[in-house]
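Based on the hints, put chain B in the right spot on chain A.
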Amino acid sequence: MNKIKEWDWQIQAEQKWFRINLSELLEYKDLLLSLVRREMLSSYSQTVLGMFWILIQPIFVTLFYVLVFGNIVKVSTAGIPPVLFYMSGAIIWSFFSDTLNGAMYSFVKNAHIFNKIYFPRLLVPLSLFITYAIRNGVQLVLFFILVVIFGTSSTATFSLLALIPVLFMLAGLVGFSIGLLVSVYMAKYRDLEQLVLFVLRLFMFITPVVYPAAMVSEKYSVLFWANPLTPIIETFRAILFQHDLIHVASLVFAVLTTIALLITSLVLFKKKEIKIIDNI
Amino acid sequence: MKQTALRVENISKLYQLGVYDAASLKNDLMSGWGRAWGSKMDSENSNQWWALKNVDFELSKGDVVGIIGKNGSGKSTLLKIISRITQPTTGSVKGNGRVSSLLEVGTGFQPELTGKENIYLNGMILGMKKKEVARIFDAIVDFSGVEKFLDTPVKRYSSGMYVRLAFSVASHLNSETLIIDEALTVGDSAFQEKCMAKMKEISSEAGKTVIIVSHHLEAVRNLCKRALWLKEGVLVADGNADDVVTDYMKQEKFIYLSQEFNTPENAPGNEAVRIKKTEVVPQYGNSKSEIDIDTPLKINLSFWNLKESKLTTGIRVHDIGGACVLDVCSDSKYYDKGIVEGNFSIPAGYLRPGCYYVSFDFVKNANEKIYSFEVCLTFDIRAKKENKVWTENRPGFVRSQVPFMLHRLKESTNVAV
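The listed protein sequences derive, respectively, from chains A and B. When the letters of the first sequence are read in order and numbered with the numbering used here, they come out as residues 1 to 280. When the letters of the second sequence are read in order and numbered with the numbering used here, they come out as residues 1 to 417.
No lab work stands behind these hints: they were computed from the structure. Bear in mind the structure is a predicted one, so any value in this text is a computation, not a measurement. Take the hints with a grain of salt, since some may be wrong.
As the list claims (entries may be wrong) - Just the calculated beta-carbon pair ranges, DEER-fashion:
| id | chain 1 | residue 1 | chain 2 | residue 2 | range |
| --- | --- | --- | --- | --- | --- |
| 1 | B | Asp21 | A | Leu197 | 19 to 27 angstroms |
| 2 | B | Ala139 | A | Ile206 | 56 to 64 angstroms |
| 3 | A | Ile280 | B | Ala134 | 27 to 35 angstroms |
Said to hold, decoys possible - Here are some of the chain B residues that sit facing chain A, going by a computed Cβ distance under 7 angstroms:
| id | residue |
| --- | --- |
| 4 | Ser83 |
| 5 | Arg84 |
| 6 | Gln87 |
| 7 | Thr90 |
| 8 | Ser92 |
| 9 | Gly95 |
| 10 | Leu121 |
| 11 | Met124 |
| 12 | Lys129 |
For every residue, glycine included, the Cβ atom is placed at its ideal position computed from N, Cα and C.
Okay, chain A solo, but in the shape it has when bound (with noise of 0.2 angstroms):
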């Protein structure tokens, strides 16, 4: 008999770091491309605008910023036509925090799934990300389009303008990455879900969404660019309107950050993902 035998698959006690099966996450495809797609109709079906509401929500949140942040309270655009700051603000924090809010509730909204079959569970703040990838997607290709329309003042060369989708992503992984993380702990203890949509709603101020990073004092300059977002934020403008330099080395560190943070996260979530269904 031969003793050594070959199992295709084995369940233990304890799971192994650094088990993220790619090749199981390939053999789901389907299933995850169909879970995107159920996404993206299940958010708009019954609804009379349909797809709409994509481009609906961030024009309806730049005119609101426009008045009060513009008209009202006057904070300085850095010489960029208003509509276009408030936009470019607009739509990477929400990716950010969509990308977030998704990921945050992969075990608590679907506990009644895990609780009966099993699949990669990966495949489900995986799905949400890639549905407000492209959901945000749309919403930066309305920003260009707004951007011929108002005009802008960018010599950038096309290599600049090719970093624009990649710190786009990069906003959305930090907080894919961050939801994970919550995801995990939030199964157990949903303190945590009022903790950090509560903190969500203050670190808007912190992040130069609706003024620019050039109004922060000297004093906390540091603290300010080490949030990830600021230099994101921050790049995307310069590249578009050239009204600052581009902070090299606190984007170099966001970068690192957003990794750091992914791979983390990753790990945490492959290691605990079975066992946190006796938690819920």
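Only chain B this time, still in chain A's reference frame:
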């Protein structure tokens, strides 16, 4: 040599009871701290409960196994571990081939999506690829009988259509190992029979390993060759399905002398009838507490009649081997909606000693079976201790009180000696 499909190696599962609050957070933080510093924390406390204890068995490819046991005996936990939904606390499970589990009919159905979209989505959640679903799509639709409503969102389906579609998707999975929990009886009785037939077909398919958990003991007997019996998390028997089920019924029978349900919502039944109460009441003479052959038995039944209809109710009494020893029908009569009650008496000395179980059938218009409440009561008739010792184990299928008289002929003098 038979190929191994699944090996369950000495698994145990510990559940943490109680609520999560500041105390449990403190505990978590401390144990995290303890682990980080390498000190061993004593984690034994009263808030823990072992759902499974050292369960160990192996299934060969093609085995059809039933898992039986009372509620809370660890059946579902075992299935969850094998289906990779939760982890064992110790031990491991190893397997070959794809495992699909059907732990609840309709899990993962999206109310907003149409029947067709749900067949695809559900099939893929259960582990199939899009191409595979496409290949068996027609068979699924055929089996479910909902082809007219394929483009309707499933939230508009009746509950019967919903479970029929869900069962169809799951039962057409082509994975090597299939795990099924309590999914045998869905829909109306015609569909239930179809389900049973499908289950039989699946389990007789060469090379397919099937694990079935059910309270439906007759189904386990019919479908499975082997049965595992879990009791308080321990595997107490593993062997031939007939024998294990018989032992189980003998040992656990006391729970079946009566069954009562408070509300129609959680009572067994379907859209036509729901069981309210079934019981066997022994008519003990003078303070006896054991049913013996001289104890008359009264069988009571009450149920919610949810549709005005012409109903016949049948009572079947089976012996432990599954043979029907008695089948009694009520008159076919028209009943309004509401609670319907009935009773039936088994006179003393009518049945042989042994273990029996009772099933009820509900028949509409004298020919259309609408529901069967199977194996809902069991009772054990003991032989009577009396001076005639040899009466205890008298053979025969029926026990009759028909007098058998002997008398000596008067004309005995005519016989030549």
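Numbers of unmet hints, in rising order: Hints that this structure does not satisfy do not exist here, as all of them hold.
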